Every structure is written in structure tokens, then in C-alpha cells.
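There are 2 protein chains.
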Amino acid sequence: MNKAQWIPIIVLRIVAMAAAFVATLLMITSHDSAKVLGMTFQAKYNNSPTLKYFVIVSIITTIYSLATLFVPPKKSRRPILVLDLIVTCFLISSFSAAVGVGQLGKQGNSHAGWLPICGQVPKFCHHVSAALIAGFVAVILYVLLLLFSLNNVLDLVAFKA
Amino acid sequence: MNKAQWIPIIVLRIVAMAAAFVATLLMITSHDSAKVLGMTFQAKYNNSPTLKYFVIVSIITTIYSLATLFVPPKKSRRPILVLDLIVTCFLISSFSAAVGVGQLGKQGNSHAGWLPICGQVPKFCHHVSAALIAGFVAVILYVLLLLFSLNNVLDLVAFKA
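Going down the list, the sequences are from chains F and A. Counting in the working numbering, the first sequence runs from 2 upward without gaps. Counting in the working numbering, the second sequence runs from 2 upward without gaps.
Keep in mind the hints are simulated off the structure, nothing from the lab. What you are looking at is a predicted structure, and each value in this text was computed from that prediction instead of being measured. Every residue gets a Cβ at the ideal spot worked out from N, C-alpha and C, and that includes glycine. Heads up, a few of these hints could be off.
Part of the chain F face toward chain A, derived, beta carbon under 7 Å [stated by the list, open to error]:
id : residue
1  : 51
2  : 94
3  : 97
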């Protein structure tokens, strides 16, 4: 792998790590409370198993991205490519599940009788939305990273064939 | 690509196509109604944008899996690998979002004041659960397909290097 192939991958990893870290921070610090019918109602990420899953995957992605920066590029192409694929799968999964639940928080579902909660806890919703944007950036960067790595590998096949 | 590499991919594609097709059928036919406070309440997949997204991606996966069966394996390794990756991303995304919303349907979220609906519309919930199981099978098969294709490509690199 030459420098022209290697540097973009390093840059993508560093930015993806930053995005995953920001997503974690924003989701963990999302917090708001509202008074409904005299009762105080707390909105936190850990009230939802889906948002907890998002935080766990974001933390793992941050640590994984940091760790792979110290792996020599030539020696471990196969395990890194497979691990990149697995991390990307979990990132997409946690992001999509959180968006699905976030959409319900924002718009509710009248058929199911679920009211939107963003009117009551706007600070919480803004934080979660920002975390989802950072999560989306991490997803896009990991997909690009995979496509770039695949392209390098396939060029090698075409070159050596 | 020799036969030992090619046949498992064809088999994985056919089974993934069947799983995506079954997931589509089960989700589209999920339907139940309940009377709550004298009002009839209809539960259908298209009451939820997330479940609609699941159906659209399942249909696309079925058609894509069918189409790729007719593509000659040697000529188009690169576009097929990239398209496989993109389809897998969308499959994981739609499955995870649907599970996130399905979990709310089953267990609700007391903090958000969202009551579970599966007690009122059990037939709908069973259908959606079955569709999610079929969707999960399609996800696993596409991830295996990707890992298998990657392995073939990397073997080629190791062999030619």
C-alpha cells in the first residue's frame, strides 16, 4: 500500500473517530426535564434501550478507530478490513435504530397513540438530534473508508492479474 | 473465480432473496384492528414510516438479489462488490430501525408515555416479529456474502502477490 492509498484512510479514521466521540458526548449529556400534570418528567438517553445501544456502539467505534491508527498497514489488511466491515454494520444499525426512535420522539405516531415528546423536552431533543448528525457523519466516513479499502484491494487484484 | 468460490455465493444470494421476499410479504400482510374506547383502531405497516422503509428496502433487496444471479461472475467483480456493500448497509439500516420501533410496540416506553400496542393488536405484532426474523436472516446472509466475497478477493491478492 503506497502513501496515496494510505493517507486518505488515516484521515478518514481520525475524522470518523472524532465524529463517534462527539456523538457519544452529545448523547450522554442529553438531558432535560418537564413538568406534566404536576409530575416532573426526566428525559435522558438511558431511558431508551435504543439510545443506550447508540452510545455503546459510538464508544466502541471511538476506541476501535483510535486502536487501528497504531496498526501497521501492510501486515494486517485482512483482519482490519473484516473488522472495519463489522464496525460499519454496527454503526449503521445503532444510527438507524436511534433515528427510528428519534423520529417517534419528534413526530409521535397517532395510530399507536404515541405523542411527540420534543415539545416538552426541547433541550433533550436538540442534543439527541446533534448526536444523530455526528453519528451520521461517522457512518458516512466508515462507508467511504470501506469503499476506499475495497478499491485499493481490487486495484491490487487488477494490477497483479 | 473457481466453482468452490462461486457456488456458495450463488446459494447465499438465493436464500437471501427468499428471506427478503418473505420479509416483504409478512410485513405487507401484517394487519389487525382493535376497539379502544368504542373507536376502531387499525394497525398496518404503513402507519409507520420506519416499517414502510423496511418494506421498500426488502423489495429492493429481493429484486437486486434476483438480478445479480444473472450477472457473469468474472466480469463485474468490482461493481457487484460495491453494490453488495450498499445493499447490506440499507438492509442493516432498515432492519435495525424496524427493530427499534418494534421494541417500542412490544414494550412501550413509560418515560415517554408510550404504551405498548401488542396487547391490543397481537396478530399485527406476530406478523411484524416474523417479518423482522426473516429480515434478520437476510442481513446475516448478506454480511456472510460480503465476507465470503472479500475473502475471495484477498486470497487472490495473497496468491498473486
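Which earlier hints turn out false for this structure, listed by number in ascending order? Failing hints: none at all.
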